[in-house]
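Student: Residue numbers (my numbering), protein chains in the order written: chain L, 15 to 485; chain H, 293 to 541.
One or more of the hints may lead you astray.
Unchecked claim - Pairwise CB distance ranges (calculated):
hint, chain 1, residue 1, chain 2, residue 2, range
1, L, Gln302, H, Asp469, 40 to 50 Å
2, H, Ile344, L, Val402, 21 to 31 Å
3, H, Thr388, L, His109, 14 to 24 Å
4, H, Tyr378, L, Lys378, 33 to 43 Å
5, H, Asp469, L, Glu450, 35 to 45 Å
6, H, Thr361, L, Lys378, 28 to 38 Å
7, L, Asp449, H, Pro327, 25 to 35 Å
Claimed, not checked - Straight-line C-alpha distance at most 30 Å; calculated BS3-like pairs for lysine-lysine:
hint, chain 1, residue 1, chain 2, residue 2
8, H, Lys355, L, Lys457
9, H, Lys400, L, Lys371
10, L, Lys457, H, Lys400
Claimed, not checked - According to the in silico footprint, chain L covers these stretches of chain H (three or more CB under 8 Å from chain L):
hint, segment
11, 310-321
12, 353-366
13, 374-385
Source of the hints: derived by calculation from the structure; they are not laboratory data. Backbone N, C-alpha and C define an ideal beta-carbon position, used for all residues, glycine too.
Single-letter residue listing:
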Amino acid sequence: MKTETTLTGITLKEKLIRAFEEEFLPGLADEKPFMKEIRQQSIETFQSLGFPHQKMEDWRSTSLQKTLSRQYIQEFTSPSPKEDVSKIFKCDIHHLDTHLLTLLNGWHVDTGIELTVLPDGMIFGSFNAARKQYPELFEKYYAKQAPYLSNGLIALNTAFAHDGIFIYVPDGVVATRTIQIVNIINQAENLFIQPRNLVILGKNASLQLVHCDHSVQHKASFVNSVTEIFLGENSFVDHYKLQNKDNDATVITNSFFHQSANSRLISNVITFNGGLIRNNLSTTLAGQGADAQLFGLYLADKDQHVDNNIMVDHQSADCTSNQLYKGILDDQAMAVFNGHIKVRRDSQRTVASQNNKNILLSDKATIHTQPHLEIFADDVKCSHGATVGQLDPEAMFYMRSRGIREDTSRMLMMYAFAADVINHIQIPPVRHQIDEMVYRRLKGELSNCDQCIIDCNATRPQIFEIDMSKI
Amino acid sequence: MLKISNLHVSINNKEIIKGLNLEVKAGEVHAIMGPNGTGKSTLASVIAGREIYEITSGTIFYKGKDIQTMSIEERASEGIFLGFQYPVEIPGVSMTNFMKTAVNEQRKYRGQDPLNSTDFLALMEEKKKLVEIQSNLTNRSVNEGFSGGEKKKNEIFQMAMLDPALAILDETDSGLDIDALRVVANGVVKLRRPDNAFIIITHYQRLLDYIVPDFVHVLFEGRIVKSGRKELAMELEERGYEWLKNGNF
Ligand SMILES: Nc1ncnc2c1ncn2[C@@H]1O[C@H](COP(=O)(O)OP(=O)(O)OP(=O)(O)O)[C@@H](O)[C@H]1O
Ligand SMILES: [Mg+2]
Chain L
15 MKTETTLTGI TLKEKLIRAF EEEFLPGLAD EKPFMKEIRQ QSIETFQSLG FPHQKMEDWR
75 STSLQKTLSR QYIQEFTSPS PKEDVSKIFK CDIHHLDTHL LTLLNGWHVD TGIELTVLPD
135 GMIFGSFNAA RKQYPELFEK YYAKQAPYLS NGLIALNTAF AHDGIFIYVP DGVVATRTIQ
195 IVNIINQAEN LFIQPRNLVI LGKNASLQLV HCDHSVQHKA SFVNSVTEIF LGENSFVDHY
255 KLQNKDNDAT VITNSFFHQS ANSRLISNVI TFNGGLIRNN LSTTLAGQGA DAQLFGLYLA
315 DKDQHVDNNI MVDHQSADCT SNQLYKGILD DQAMAVFNGH IKVRRDSQRT VASQNNKNIL
375 LSDKATIHTQ PHLEIFADDV KCSHGATVGQ LDPEAMFYMR SRGIREDTSR MLMMYAFAAD
435 VINHIQIPPV RHQIDEMVYR RLKGELSNCD QCIIDCNATR PQIFEIDMSK I
Chain H
293 MLKISNLHVS INNKEIIKGL NLEVKAGEVH AIMGPNGTGK STLASVIAGR EIYEITSGTI
353 FYKGKDIQTM SIEERASEGI FLGFQYPVEI PGVSMTNFMK TAVNEQRKYR GQDPLNSTDF
413 LALMEEKKKL VEIQSNLTNR SVNEGFSGGE KKKNEIFQMA MLDPALAILD ETDSGLDIDA
473 LRVVANGVVK LRRPDNAFII ITHYQRLLDY IVPDFVHVLF EGRIVKSGRK ELAMELEERG
533 YEWLKNGNF
């Protein structure tokens, strides 16, 4: 049985609130009281804050207006269970054995097992199942990092949070296999989905996570996802997000990391394509000696819009952080980079850096880039920089003087520009595959059928083209 | 092989080369000397095809063809090589990938099949020995973090890989220690053949002890004001350029 609500334009907010009370809540009668309370507070927050708008400092350059005026449906129950997703897509990273978790339209695809429990105590699978089976973990971690009382989108997601991915890595466990999450949207109508993910790592635990966003049907979709990742003391998370969406897709991802002492985070967000993409990424360096390395690469053309909003909050002493985001923009594409670094009063000996580099290939492409530094400690090393430029003409002349054709020279240089980010990918098979995808994207050979080598049978593959003759 | 007649070159409406004539035949080595800022590097770049310079009059014929309409890469594929005074760093592009692309694009231009990886690596090993280049340099990004001397040796290595008909070496000897100077000079000596030619731009007669030039030219204020045999280089070393500046040529 499918409950569908049609959501429309200007009243989308009202419709969502009504759907919450009339259709969504009644299905959750058996939920634990603390969860119910969080939902109630969230819907109230959403009611008062609503969707973000351009008068808000962090949303000045990104407008949701067009997206919000479309009609969407929401699915409040899992789509036809045991649907053979292998018919929709085939997904593998060459030479890499992964645990594959699939979300179809925001719901965990149940292949007979909702939650896998390994002998070492590691648990992964459906968020929906985990919230029923592990209430104590939920009570301790869920919604502790995502600010559902002060952010409209987070509140909206938290009110409706139904399914997504749950991962638990106990103390001392090093996950030997990479976990791969594939987010698929396949729906004949415009779909509004809000996946919710929760990842918990104990002390000395370690996890590699590859997260792919993909759409099969070429319908407009609106994704508002929230992911909370808790890193216990001395733990390590290696997180990759790959985005290759349609030009009609709106994707808002909200990732919140909480880092205990001496934990290490590597995050890499690679945007190959998408209509409107907004990645909010926030990490709280809560314990002494924590380290966050945040990398990003965005390749956009046509009317695409990619907005990366980052917050690194140094709440403890002796922490280090680094942000390196690079982008290549063609046509009328627009990118936004807002990198926040906050250093609290007692966070002495903080080392924080931030760098955003862009290549614009056309006069109409735009980048809004801005550092936001708030520093309240005195013993701090903080650096930031942003560049917007074209390819180095000296280097072009040098390459061509060796007989390398002009277009090949451009290609090599753009590829080298991107390599700066790609070289930080720690898992060699993932690095090789992304490397290859970037290469094909720059050559105009990547289509929206390519996602982690998903061979989909899309009826309308679109080839994305960055026109390098314009550099 | 190369015949330049009455060449005038400007950049931003400022004339730098002011009526230059030069003829280089196969098998010859020409040295060009002259004070700083007189247009030596400009001349080298113009022959290589750099587009920021405007040729206002005159002709450049290479192998009997007017090269003014040829692109930089066509000239390179036709056998013109420029050893840069200031080699450019290209972060993210590995030397191996760079050279493989260059060799194979030139082969393609000439209608040859590309070299496969095995043959390419064998060629690279052979040329590395020839120019005594450290093998780890080819694993790094093009010139990135190379020392001054390493950059210059890398130019000679690239020249050896591409085997040009006309090599223009712009101050490849500057900033080299004695051993590196010998390596660079030996590279040229070993590659010298009756069917190729070299134009060597230098400030020091020292290099010309190793590579004996057939002709030495003095470039001054955009013109070749004096040409002679290798003895001219020694005279310049002794007397400097003052006597030429005073119009005594
Ligand atoms: N891109 C440019 N823009 C403006 N002026 C230039 C440019 N390139 C060269 N020039 C000028 O042209 C003149 C000749 O420069 P060039 O580099 O050819 O001299 P050079 O003989 O090679 O000198 P050196 O011995 O110092 O290498 C100089 O006055 C220089 O400033
Ligand atoms: Mg010079």
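Student: Are the hints correct? Go through all of them and say.
Tutor: Each hint tested on the structure:
1. With their beta carbons about 48 Å apart, L:Gln302 and H:Asp469 fall inside the hinted range of 40 to 50 Å.
2. The beta-carbon spacing between H:Ile344 and L:Val402, approximately 22 Å, falls within the hinted interval of 21 to 31 Å.
3. The hinted window of 14 to 24 Å between H:Thr388 and L:His109 holds, with their beta carbons roughly 23 Å apart.
4. In this structure the hint that H:Tyr378 and L:Lys378 lie 33 to 43 Å apart at CB holds, the actual value being about 35 Å.
5. Our hint of 35 to 45 Å for H:Asp469 and L:Glu450 holds, since their Cβ atoms are close to 42 Å apart.
6. Remark: the range hint 28 to 38 Å for H:Thr361 to L:Lys378 is upheld by a beta-carbon distance near 32 Å.
7. Distance hint for L:Asp449 and H:Pro327: a CB-CB separation of about 48 Å, inconsistent with the stated range 25 to 35 Å.
8. For a cut-off of 30 Å, the pair hint linking H:Lys355 to L:Lys457 is broken: about 35 Å separates their Cα positions.
9. Simply put, H:Lys400 and L:Lys371 have alpha-carbon atoms about 34 Å apart, too far for the 30 Å limit, and the pair is violated.
10. A threshold of 30 Å between alpha carbons decides the hint, and for L:Lys457 with H:Lys400 the separation of about 19 Å falls inside it, so the pair holds.
11. Requiring three or more residues with a Cβ within less than 8 Å of a Cβ of chain L, the coverage given for the segment 310-321 of chain H is violated, as only 0 such residues are present.
12. For the segment 353-366 of chain H, the assignment as covered by chain L holds, since 3 residues bring a beta-carbon within under 8 Å of that chain's beta-carbons and 3 suffice.
13. Check result for the segment 374-385 of chain H against chain L: holds, 9 residues qualifying (beta carbon to beta carbon below 8 Å, three or more required).
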